[in-house]
Amino acid sequence: MDGQSNLILRETVHALIPLILLYAFYVQFHGHVGPGGGFQAGVIFSVGFIIYGLIYGCERVHVVISARTAEVLACMGVLLYCGIGFATLLRGGSFLDYDTLAATPLVGQHVGIFLVELGVGMTIAGTIVGIFFLITETRL
Amino acid sequence: MVLQFELILLALLVATATLVAISANLFVATMLASIFSLLIALLFAFLNAPDVAFTEAAVGAGASTLLFLAMLSNTGHFHSYHKQKHLPALLVVFTLGTLFVYTTAGLPPYADPSAPAHQHLAQYFLSHSLAETGVTNVVTAVLASYRGFDTLGELFVIFTAGIAVVGVFSAPQEH
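If you read the sequences in order, they're chains H and A.
At position 118 of the first sequence the residue is numbered 161 (the numbering used here), and the sequence of numbers has no breaks.
At position 169 of the second sequence the residue is numbered 195 (the numbering used here), and the sequence of numbers has no breaks.
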């Protein structure tokens with residue numbers, strides 16, 4: 044089961060993974076004008092790393108993103124979302140009332156939706172990559 | 027034309043699901059489940075739900091299949107062991123399935139503007155979301171702004187699933 048020695052797998056992965064990661068960022072940041080958003084973007088982002096890990100092994104993925112980083116990323120996403128909620132509370136609105144985040148309600152809505160979707164994407168990417176690390180590295 | 031295509035997709039769905047249930051090779055079952063997710067993502071796209079189709083394709087045909095493959099290659103078990111047939115279970119499932127199909131006759135027609143689900147807040151969201159949130163995608167506006175608290179709950183659910191997997195894998199192992 045050595046994917047590394049398979050030429051087709053190697054070349055396909057080299058061509059696909061940058062596109063996958065770039066597409067994940069595109070879906071994340073354009074979720075408000077087209078289909079997409081945080082959930083889809085997080086999943087696509089994690090798929091890029093999982094494909095590399097399936098072929099080359101998890102040690103080489105850990106050079107870029109360790110298990111600890113994945114956990115911290117997941118926690119940071121939830122904290123960001125809740126943080127936005129508390130920030131709106133501190134600025135005088137109700138919980139997650141984005142109108143209070145900026146000078147005008149419309150800009151506040153944009154800022155709120157952008158940051159909230161970013162939090163969602165971070166948590167999902169961290170969770171799925173973390174689950175993949177656990178599955179491949181635990182001796183069963 | 028579209029109706030025939032949707033009927034073909036539905037027939038393929040039934041065939042794929044049956045094959046997933048009866049196949050003894052777990053690798054084959056995983057790949058068939060991935061095909062199932064892709065087919066139902068196509069159906070969601072035909073039903074004019076691109077966000078749902080997107081998520082189903084990414085999660086079902088992408089991440090879920092990859093995680094199954096990683097688990098299969100880690101355990102090394104490629105064949106399922108239990109092959110006995112259970113007739114009462116089949117009868118119960120068949121009865122419930124028939125009841126489900128029967129109740130779909132009571133649903134309103136597809137995309138009926140006077141359906142109960144499309145009254146009240148749906149009209150408000152469709153007409154006011156661009157002016158109040160400045161976002162053209164109504165689904166994102168509802169998900170992230172009008173119903174942002176629900177999305178926070180969903181995020182907690184996924185985060186809890188991740189923590190639960192960490193807990194399961196760090197339990198002391200018996201040999």
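Accuracy of the hints is not assured; some may be wrong.
[Unchecked claim] Just the calculated beta-carbon pair ranges, DEER-fashion:
1) A/K111 <-> H/R111: 45 to 55 Å
2) A/V40 <-> H/L149: 42 to 52 Å
3) A/V40 <-> H/H57: 16 to 26 Å
4) A/F31 <-> H/F72: 46 to 56 Å
5) H/L64 <-> A/L98: 22 to 32 Å
Everything labelled a hint here was simulated from the structure, so no lab data went into it.
The structure presented is a predicted model; accordingly, all values stated were derived computationally and were not measured.
C-beta: ideal position from N, C-alpha, C; glycine also.
Right, here's what the structure says about each hint:
no., hint, result
1, A/K111 <-> H/R111: 45 to 55 Å, "47 Å, holds"
2, A/V40 <-> H/L149: 42 to 52 Å, "48 Å, holds"
3, A/V40 <-> H/H57: 16 to 26 Å, "39 Å, violated"
4, A/F31 <-> H/F72: 46 to 56 Å, "33 Å, violated"
5, H/L64 <-> A/L98: 22 to 32 Å, "25 Å, holds"
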